[in-house]
Structure formats: C-alpha cells, structure tokens
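Novice: Residue-level listing of the chains:
4 protein chains.
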Amino acid sequence: MKRLRYAMVGGSKGSFIGPVHRMAIRMDNLADLVAGAFSRDPKKNAETAGELGLSAEHVHPDWASLLAAEKDNIDFLAVCTPNDSHYEIAKAALEAGLDVMCEKPLSMTVAEAEELGRLARRKRRILGIPFSYSGMPMVKFARELVAQGEIGKVCKIVLEYNQGSFRKIDLTKPLDVRNAWKMDPRRSGPSCAVADIGVHAFHMLEYVTGLEVKEVLADLSSFAPGNRLEDDASILLRFKGGAKALLNVSKVATGEENGLRLRVYGEKASLHWNQEENDYLVLKSPFEPHRTYSRKAPYMKTASASFARTSRIPAGHHEGFMEAFANIYDEFCAAVQTRTPRDFPGAHEGVRTMRFVEAVLTSHTAGGVWTKI
Amino acid sequence: MKRLRYAMVGGSKGSFIGPVHRMAIRMDNLADLVAGAFSRDPKKNAETAGELGLSAEHVHPDWASLLAAEKDNIDFLAVCTPNDSHYEIAKAALEAGLDVMCEKPLSMTVAEAEELGRLARRKRRILGIPFSYSGMPMVKFARELVAQGEIGKVCKIVLEYNQGSFRKIDLTKPLDVRNAWKMDPRRSGPSCAVADIGVHAFHMLEYVTGLEVKEVLADLSSFAPGNRLEDDASILLRFKGGAKALLNVSKVATGEENGLRLRVYGEKASLHWNQEENDYLVLKSPFEPHRTYSRKAPYMKTASASFARTSRIPAGHHEGFMEAFANIYDEFCAAVQTRTPRDFPGAHEGVRTMRFVEAVLTSHTAGGVWTKI
Amino acid sequence: MKRLRYAMVGGSKGSFIGPVHRMAIRMDNLADLVAGAFSRDPKKNAETAGELGLSAEHVHPDWASLLAAEKDNIDFLAVCTPNDSHYEIAKAALEAGLDVMCEKPLSMTVAEAEELGRLARRKRRILGIPFSYSGMPMVKFARELVAQGEIGKVCKIVLEYNQGSFRKIDLTKPLDVRNAWKMDPRRSGPSCAVADIGVHAFHMLEYVTGLEVKEVLADLSSFAPGNRLEDDASILLRFKGGAKALLNVSKVATGEENGLRLRVYGEKASLHWNQEENDYLVLKSPFEPHRTYSRKAPYMKTASASFARTSRIPAGHHEGFMEAFANIYDEFCAAVQTRTPRDFPGAHEGVRTMRFVEAVLTSHTAGGVWTKI
Amino acid sequence: MKRLRYAMVGGSKGSFIGPVHRMAIRMDNLADLVAGAFSRDPKKNAETAGELGLSAEHVHPDWASLLAAEKDNIDFLAVCTPNDSHYEIAKAALEAGLDVMCEKPLSMTVAEAEELGRLARRKRRILGIPFSYSGMPMVKFARELVAQGEIGKVCKIVLEYNQGSFRKIDLTKPLDVRNAWKMDPRRSGPSCAVADIGVHAFHMLEYVTGLEVKEVLADLSSFAPGNRLEDDASILLRFKGGAKALLNVSKVATGEENGLRLRVYGEKASLHWNQEENDYLVLKSPFEPHRTYSRKAPYMKTASASFARTSRIPAGHHEGFMEAFANIYDEFCAAVQTRTPRDFPGAHEGVRTMRFVEAVLTSHTAGGVWTKI
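Here the protein sequences line up with chains D, C, A and P, keeping their order.
With our numbering, letter number 143 in the first sequence gets 143, and the count goes up by one each step, no holes.
With our numbering, letter number 62 in the second sequence gets 62, and the count goes up by one each step, no holes.
With our numbering, letter number 285 in the third sequence gets 285, and the count goes up by one each step, no holes.
With our numbering, letter number 163 in the fourth sequence gets 163, and the count goes up by one each step, no holes.
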C-alpha cells in the first residue's frame, strides 16, 4: 500500500496539540509530514519546520498558500489551529479534494458543521476529528460491553470533565498563551469550556452508550477573573429511550489535571472509567466482586479486532494519551487508504457535538430550560 | 456528671439503624438503654429486649405506652422508626419534656419539621438528627479548611450519593424488607431517594461549605421496577453568594455500595472526600503536590478541639461508620448534659433538609425549573 | 446465658491498647468491666476507674491485689501491661482459675510461653491473644479462599508491616511515652520491632495460609537514634511443603502509618490485602479481571458462618480496627461461655510467635543463617 | 546536527522489545532505521523489513553480514536478540567503531560485561542499555529528591518486581515463545528471573539512591513446572554506608502484570513509586500530609533540566512505557551526536547488574550467605 503523505496547518513548536498529532502519526509509522504552515509568525514557522526536517519550499506562510502549493503532493491535511479557522480551512481542503483531520470543535456553529458534513459526503472525502479519548482501548472496551448487554439496559450516566487549567494561568508567562485564546470569544467562539472539553465528554457519552441524546438543560458560570465565556457548566441530559445523564464540565476545577471520568449505570451492572487511570475499566455488580479489566491482559483476547489493534505492549506497561491519539490516526489513515468506514470520529460526530454546544448555550440563556438537541 | 439513660422506639433486631444507634452509644460509653418499644410485633419486641438485657417491665408495645411509662425514667429518646412516624413520636417526646435523637428525614413535610423546631425551642428541649457522615472526622476537617480560607472562595461543588441498593432487592427475602418500605409512599412519604439519602448529601453541602443553598432544579426518575417514588435524582443547586453545585442521588446506581463523594472547588484549591475512604481528605492545588490528610496523623494536631474529640485511635487504624455515629452522639449527649450548644445536626438542619426535599419535588413536577428553597 | 464480668490490668487513660479492649467489648455488649488495676500511679488509676464508673472498692493498686480480691467476681482478666509483666500476670490469673486475654507478645521467652500454654491446658483455662488483624473479616475470608483451593497451592508470600512510629517520637511530649518503653530492653525484652509488630505479621502468615513456617533468616537493624533494640528487620522464611516468604518489619518506615500488607501467590491466583483498606480483598488471576471483594457485599453470603459473624453493617460502610478487635473478643467470650473451641488466637499462637521472635534473633546474631523455628 | 541512522539486530515482528525500540525512536523523531537483521528466519526477516519500508539490500541474514555491509552507513546498532548473543554482537559492533544500544542483561557473565566496558572505553564508543524504568520522569524525580536531601539519609529500601508472566504460559501458543526461551539456560544463561527483571530493579536501587550495594544474600526458587532456572528470588541487600534493602523478584507472582514498586525510607521522609502508576510519586512524612507529585504539574518546574526533557504533554495526560523508552534513547542519541556524557545507563550499569546477578547466584548456591558484589 502506498505510504501516506500529509501537511499540517497550525501546531508550531510550543503549542500543545500540533506536536501531539505529529508524534502520534510517527509512533505507528503511519504517514510522512511533507509540508506545513505552522504559524503566521515567520520565525516560529521556520523554526518548527527546521526541527521537523522540512525544506524551505514546503513551508508556507498560511493555509491558503499551502493548499495551493501542496494539494497534489499530500493525502491529507491536519488542522491544528484555534477554533475560529477550523471551518474555512477544512472547507477549502475538502474542496481541494483532500481528506482532513480537523481539531475539535469542528466549527463555530452548527450550520458550518453541517455544511462541512455535506461537503465531505458530496466530495467523497474523509473528515476526521480527534476526539482522542474515544481512541483509548478501555473506552472502546466499555462500548463493547454495553453493546453486548453486559450491564443491561443503560439508565443513568454520570460524566465529568474537570480541569483546573484556568486556575493556574499566569498571563505574564508565554506558556499560558495556550489557554488565553480560549477565553476570547473571537478566537474561541461563543463557548469556552463546553466547546473545548465538553465536546469530548458529549462524544464519549454517545460513543460508549450507543444512545442518542435528546435534550439538555444547562447552568453555566464564568468563575475565572476576566473570562467573558463560560468556564464551568452543570448539564442535565436526557436520551431517547429514557436514560439520563449528569455532566459536569469545568476549567476552574482547581487542582484537577485532566479529570475525565465516566460512570455508566445499567440495570445489571455499572462501568467506571477514569482517564487518569486510562488502562483500566471497572465493572461493578452487586452480585459478584468488582472486576477490574486491564488493557491487553490475557483474558482480553475475546474483545473485538478493533479493540485488539489499539494495544501495542502488554498489560502493566502503561499506554497513555499518545497511544490513544495514534489509535484515532490508525483508523483514519486506514480509511484514507482503503476508502472504507473505520472506527474514528468524523463529520457526524462533529455535527452532533456542535448541536450539543448550541443547545447548552440556548438552554442556559433561557434560564435553564430543557432544549432539544 | 450524672450518667444518661435512654429509651428507643423502633430498631428491633434485624433492622439496620437501630443496632447502629445502640452500638454507637455503647462504644463511647455514653448512656444506658433502659427501655424500648422496638417493634409492633410482640415476639420481635421481646426478643430484641431480651438480647439487650432489658427486663419485661421496660419493654412496651408502642411508643405511646413507652412515653407514658418511662418519661421520668429517661433523659432522651432515640427514634428509629420508618419516616411516617418520626413527626408524631418526636412531637410527643418533646412535649413530654424529653430530648430526642430522631432519624432522618425529620418529618414528611416542611410544616411538620418547622413545628418540631418551634416546639423544641419553646420547651427548651434538644432535638438531634443523626446525619452521620458529618460526624466523620475528615468531613469536619474539610469544614475547618474551608472556614480558614485554605481553598479560597468556594465556587463549585460536585457531590454524589450513589447507592445500588435497589438493584439487589429480592423481595422474596426477609432482609430486603429493610429497603421495600422506602418505595412505599405511605411509609416513606412523597420522596424516596432524596428523602432517604439526598438529605445526607444536602446537609453535607451546607455543613462543609458554610454556605446556604438558595434554589434547586431537579430531574427525577423511577428506574427500579415497581417503584412509585423517585430512585434517582439529578439536581442543580445555587448558593447565596454565587457558588453552584451539581448533585447526583441514586438508589439504582448498580454495583455501588455507599458512594457518598464530595468535591469542593475553591479559587485556590479543592477538597476531595470519599465516604468509602473516610479517614482521608485530599487537597488539590495546581501549585503544590496534592496533599492527603490522614485522620489523627501527627500533623493534624493543629485542628480544632472539636475535631480532636472525634478520633480514638492512631492514623492507619481505620475508624468508620460506627465511630462517626458515635461522634454525633458524643456531641448530642454532651449537649444533653451541659445544656449548651454543641456540634451536631439538630432542628435547623432538619428543617433545611425538608425544605430541600420539597423544593426538589416542586422543581421536578414543574418540569425542571429553578425553585427557591 | 450468664452475662460475663471482667477485670483489666494496665490500660489506664491515655494508653493506646487498654481503651481499645474496653471499647471493643462494649461495642458488641459482650461483658461488663467490674474491676481494674489500671496503673501503678494511684492518681491515674483512680481517674481511669472514675471515668469508667467503677466504685473505689474495685480499683486495686496492682494486679496481685486485684486477683486476690476479684478472682471469684470475674470471668476473665484482660492484661494490657508492657511486655515484661505479661508472663507473671497471665500465669497468676490462670492459676487462680481465670480465663485470660493477654496482650502480645505473650512473654519474654519461648520457655515462658510454653509454660503458659501447658498451664492453660492443665487448668482447662482459656488463653486468648489479640492478634487483632486476624479478626478482620477480609483476612478471615482470605484464609477461606486459600483453604478452598481458590488460588491453588501457595508458593510465595510477600508480607510487610511498616510503621514510621519511631520517626515521629518527641520524647519531650507525654504521648511519646507510649513508644519509648518499646526501645527499653528491660520493659520490651530482647526484641523491639519483631516482638511488637512482627508477631502480628507472623501470625497472619500461618493463619491465612494454613502452612507452618519451618525456618527463618534475618537481617536486623537499629536505625532510630538511641535505640538499643532492632527497629527494622528483613526476614526470609521457608514453610514446610516448599512455600517461601519475604517479610519486612519496620518501626522506622518514615511516613508510614500502619502499613500491614499481605500478598499470597498461589499457582492459580494471588490474594492482596492491605490493612489500611481493610474492608477489601483483591484476587488477581491472569485469566480473568482482577476481583475486588467487599466485606458484606451481597455476593459474600457464601462465606462461612464464622465470617458472617464478623460484620455488623452493610458493605460501603467502613468497619475498622475497633470492629476487628471486637471480633476477637466475640470469639473469645463465646469460648468462655460455651467452653468450646472458637476462632481466635490462643496459647498455640502465643508459642509460635515467640519461637519466631527467638529464631529471628538467633539467625541475625549468627550473621544471617537459616534457623529452625 | 546530522540526522542519525541506525540498524537493528533481532526484534522481528511479533517480538516484544524490538518494536518498542523502533516506536520509541520514531516517537521523538530521533533517528532513521536504515538496515536490519531481524530474524534468522528469512521469511520473518523479510516481512519485518517490508513492514518497516526497508529495501531488500538493507535486510541481512545475520548480524555479521549486517555489520560487514552497513557499518559505515549507520551511527549506532540496536541489539534486541536473546541474552546469549548480546556479548558477541555488542563486541563486534564496538570493534567496528559503532555506538551500541544493547538489551539487558548485557552479557552472560561478569567477565564479558567488563570486557565490553573496557572495549567501549578504548574505542571511545558509547554503549547504552535500556533499563527503561530509569527513563520514567518520576523515577528521575525521586533520584533528585534523594540527592537534594529531601528525605534525609536513606536507611531502608523495599523494592519488588513481581510479574506473573510464567503463570500464564501456554506453550501451544506462538505468543508464549516470547517467554519460553527465558527458561532455557542455553539462551537465557545461568539466571532467569534475576537476569531478566531483577537487573531492572537493581539498577533502579543504585540509580535512585545514589548508593552502592556492597553485598547480597539470596534465596532462589523454581516454581514454574519445567523451569530449570530460578523464577523467584528473595534477596537481602546491604549498601556501603549502612543502608539496607529487601528485594523480591518473581516471574510466578500469579496475576501480577508488571509490578515494579519502589519504596525508599529516609530519616525524614519516604518515597513511594509504582510502575503501574508511573506518572506519580508519593512522599510520606509524619509531619505533613502525604504529597503526591504529578509529572509535569505546574509546581514541577523546579526540577532539573534533565527531568524537564522527559515530559511531552501536560499532567493528567498519561505518558507510559513508550515515553520512558524514548527518554532513554533521547539521552543516548544526544550522547551519540555530542560525544558528551548524558543521563542513560551504560557500560558501568551493565557491569554492576551482571555482578549483582552473579553474587545472587553465588549466595544462593552457598545456602544463603552474604556475598560481596
């Protein structure tokens, strides 16, 4: 099979997510980076390219130039810019006939997300969104257990994504620029915490349970000084079929690191997963000792082929965030090569998560009312 | 100081909470049980009395006979019956001039709770309610840390009380009678999960933060087959002063045992406490390693005298639910003897928790609207 | 059945273990304290008696007076003095026809322990030793699982009892007197850490595995300033039948609280128990998810009657050190009343643990050689 | 700086450690794989090369051919074969003027290891050994805390490396061939568990404490059916300066995955690290709440530059075994490029660990006697 080639927009050195994309792709030897427009700052752009071994002719000042010059030279484009440019870049790339991996949130509005979805379908292009936590093996395994009926009908989900990142911001330090733009409505869009991390949680809800959220009710807050967007959200959710969920999303959960925690309560048992101990999944039933499943333990052989591909090394040797990201790219790159559906989040998930963001904002603005999604 | 004497209503052998009251009182050698009306079933009543070494003349067929015969023989009455009789028994005992420790919920309605509060004040009698988890040393310590400003202004609280007890009910077995009456509106009142365990959580919210809840919004569910009352509640709360909380209360959290977990996020740090690891309290700040406080460790000496009284044995030797219950009784009995205020939940907390129950029911019935408390 | 009466020697207020004995006995309403010789300090003696509600005529200046005056008034004697008087008090009490619960270590030498064992048998008296951790329900359950073959033939045990208590001693403070005598060969005997806590570990080894230790090899150290006895021991053990163990015992494990941890590796699975999370037992097998058993969870019904008696309250409501101690006394008191064997440590265990202490000292003195036990 | 080129011997597809080396090198974009002799099985060799995108001319039937053909084409050689060929391959590569990363154990005997060390010095070549756990950030941080005196003088270390891998072997399955050769003295050498995983533990002991082991005493066992080498070792150690350690090494710790756990007890505090939660380090002191340090949390900024390089992504996003391996290679490759000493295990550590293996075997054979190392 032909070796894949890709270019990146955004993601200069010092940023968080750009290097993660590159590392994930390299780890599993999936594709070669052949061009980039990493920063609008020419010096930063050049330095990043230099570190990555790109020759000057493949370093471009902006995404438009990059697309113009490289569209026939690459198989896909990785979009790692702030939220406000996702839509226009992804749109241009799809129109140029490229497959695209675009950072979340997919767009600023539902309408934009829907347009990208339609465009991808029309052009038969692949649009991926790295909801990275759904690449974690034990999240996939949770989805399997639910689908197999192991915990019975799902009744209640308690989910939280608690970060304290806005409690440690020191705007005098360059590193904090990573966070500062998220508080700026022009760069971030109408939502901060919900668009930034709430979408991960929402995607996980539907991915693991296989259920569809019907309506939401939200209470939003801005606790961080100077933040004009919400940095904390308490959200109630109702699914088609009667299940319910409670979701806490916060960027001011002081002292928390990356506290994404999922509990799914079914009629027969419940599942408990904590991103900070991502290689384990706990099943609790009143009728037997709690079970702790461990990634790639010998008894995990029965899981699906899709799950098996996600593990590189034996149980007890931790895999983490990078491997999860690589798992998303593994599936995406396989789809790019084979043009067949694979297990990674795409346009549908991009639209669903944007609808979630809008419904949350609408519910809150109306004073906390149930809002269809 | 004169040794205290008490009688008990309800709490026959085989019940959960009656034996707990008696063990707690004995553990710290606080009072002598001198009379009882443990069950309306004469055989059960006699057997319980026999095991406890009471002579027949002090075993009564019902609470009215007990009060008539023993009111001058006892210092206080412990009420361990189902919810529907709390009000009338407590009222009669207060009117008879007795101090009362009454199980939660204090009554079926706010009006009844308020009446009991007024009655206790008028008669200068002491009314205690064993919100037992607030007797746990590390809960008291959390309250101290908040009061001392150690975590800064409180912004958000995430609290949950998840039990799976209704998922293991087998009504063909006698033991499950313990749970079955809680599903019966005549015995349990208009609320099941919220009145049964939600009140513990609500009390903890106000006790630890020192803040007052202003309004609530609730979404209730009945997931357990045959349950006509709610067994699951998703609740949003707003405090005076701007703090907010998210509360999950469930008796159908399959596989959970007694999952009462509290997280309090302040501007400077957060506190994390889990009832199932009750001897520890974690403080998380972005600016230093997470701290795990351990009950009665050498560095805990700086805590208040009230806290110091709650610990019997050194750190590393677990104290649990029984000691917490005894801590409530320690303070209650000290109040009975000294007629001075002490650190235990009383009439005020009884009224607050009943207001909470009513506001939750009102909010849900109205389709999920913010409801004053 | 006749209600039991007991007296106590040692255990004045402020001491650790005396109050524990009394609380444990009261918690389960097992016996009444009717006399005591709590301290050689008359003031402390009187104060302790006062707090316990004993009248002056039943408070004695020393154990000999107590035995002379009370031997026909009591069913058993609880011995809570430092190590150096265990032997003489237990001996006198047995000769006076009393049953005895004597603190560990049973004596200063193997010869003394053996003599007490013979004396108890000849006088048909009951001698109990509160190796309290073997009263913990999940330790008993571990013993059951091993006996039932659930983990296959036992191969290796890794056991540790790590305390940091000697690292926080401040001899200018009264509380630390609790620890100081343990460093004094005249009060403590020829061994400090091994006699003080190593015996708990050794008893647990033989209790849980049902195997007999054949020989030991030890390397002892004195790390705490001024300590003339060992405060740290690295010990290898070999069992009859080929199993082996590794045991670490330390009172200078800085920062540890009461770190008694047991792991038993069998051919099919392993068991993992940690005293600081005493209500849980983990079973690990390569062929299924790790199982976490929880005390008194619904699925624990299959365990033995002996196990069932050890639990008072439902899973999720922590029982701890006090309940474990009460469990030892429950069995001891049942034996006192019924004169039939019950499940508590007695003379045999007292002799075995003293042989262990002597073998460890012999091995170390010889430079680290395998020594029969 | 010139981009590095390397070749690999051993490590065909399906093996454990070869792919790990390659992933680690790719993750951080350190070097390009340009040649290989992955397996003596020509089919496997070719398939591996194919998957890695190597052209046929750079795939060699054995290490000798590879060295002959590629020595001027590569900067270093990665040796991923079974133990019995490490010495001869490393020797030939060093003599050919190459830097070498050689899997542990470095050789079959101390004499061979010493010879390789001398050879590397004489040829001014770099010899690295991937004791991967010392590449974990929190292990490096532990080393820093000890060196800074944060825990005071080190007294006692409790270390264990417990795997259950030999308890799940099913020799009818191809995967288990990974483990089977370790039981064969011809391939594995005179030691199994100690040479395979004990060396990791020993290296960690000296690396973290900065102390030198003086003598050891060992008790070895062969519990796995058919194993002619030891699969379980109980080891006592004494350091220069008076510190002591207890080490358990086992491949028959049924149900364990990769249980490498370190505890270092100093005069002021202790450090606790568990490989299966590798991103955290706990410091326990009696005088303050236990501290949990988290990799790359904001307060970790004070750590050394060497530590800082080991982290890629923020705290809360797990890094694991692959990143640790990459950290070893980062330092090794920097040394290869700069010819200056860096922080990775090399010839000295190779010799020390082989001396440890030999001393353990000698001690055991002599019946358990203290043996100089």
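By construction, these hints were calculated from the structure, which means they are not laboratory data.
Any given hint could turn out to be false.
Put simply, identical chains are the same to the list, so a pair is met inside one copy or across any two.
Said to hold, decoys possible - Calculated lysine to aspartate or glutamate pairs in the DMTMM-like style (CA-CA distance at most 20 Å, straight line):
1. K2 with E88
2. K268 with E144
3. K2 with E47
4. K168 with E150
5. K214 with D32
6. K372 with D75
7. K301 with E215
8. K13 with E212
9. K44 with E144
10. K2 with D184
11. K168 with D184
12. K13 with D41
13. K301 with E115
14. K301 with D184
15. K168 with E206
16. K268 with E215
Novice: Compare the structure with each hint and give your call.
Specialist: Results for each hint:
no. : hint           : result
1   : K2 with E88    : neither (29 Å within a copy, 38 Å between copies)
2   : K268 with E144 : within (15 Å within a copy, 28 Å between copies)
3   : K2 with E47    : between (30 Å within a copy, 16 Å between copies)
4   : K168 with E150 : between (41 Å within a copy, 16 Å between copies)
5   : K214 with D32  : neither (41 Å within a copy, 51 Å between copies)
6   : K372 with D75  : neither (38 Å within a copy, 58 Å between copies)
7   : K301 with E215 : neither (38 Å within a copy, 42 Å between copies)
8   : K13 with E212  : neither (38 Å within a copy, 41 Å between copies)
9   : K44 with E144  : neither (44 Å within a copy, 33 Å between copies)
10  : K2 with D184   : neither (42 Å within a copy, 42 Å between copies)
11  : K168 with D184 : within (17 Å within a copy, 50 Å between copies)
12  : K13 with D41   : within (12 Å within a copy, 43 Å between copies)
13  : K301 with E115 : neither (41 Å within a copy, 44 Å between copies)
14  : K301 with D184 : neither (47 Å within a copy, 27 Å between copies)
15  : K168 with E206 : neither (31 Å within a copy, 27 Å between copies)
16  : K268 with E215 : neither (25 Å within a copy, 34 Å between copies)
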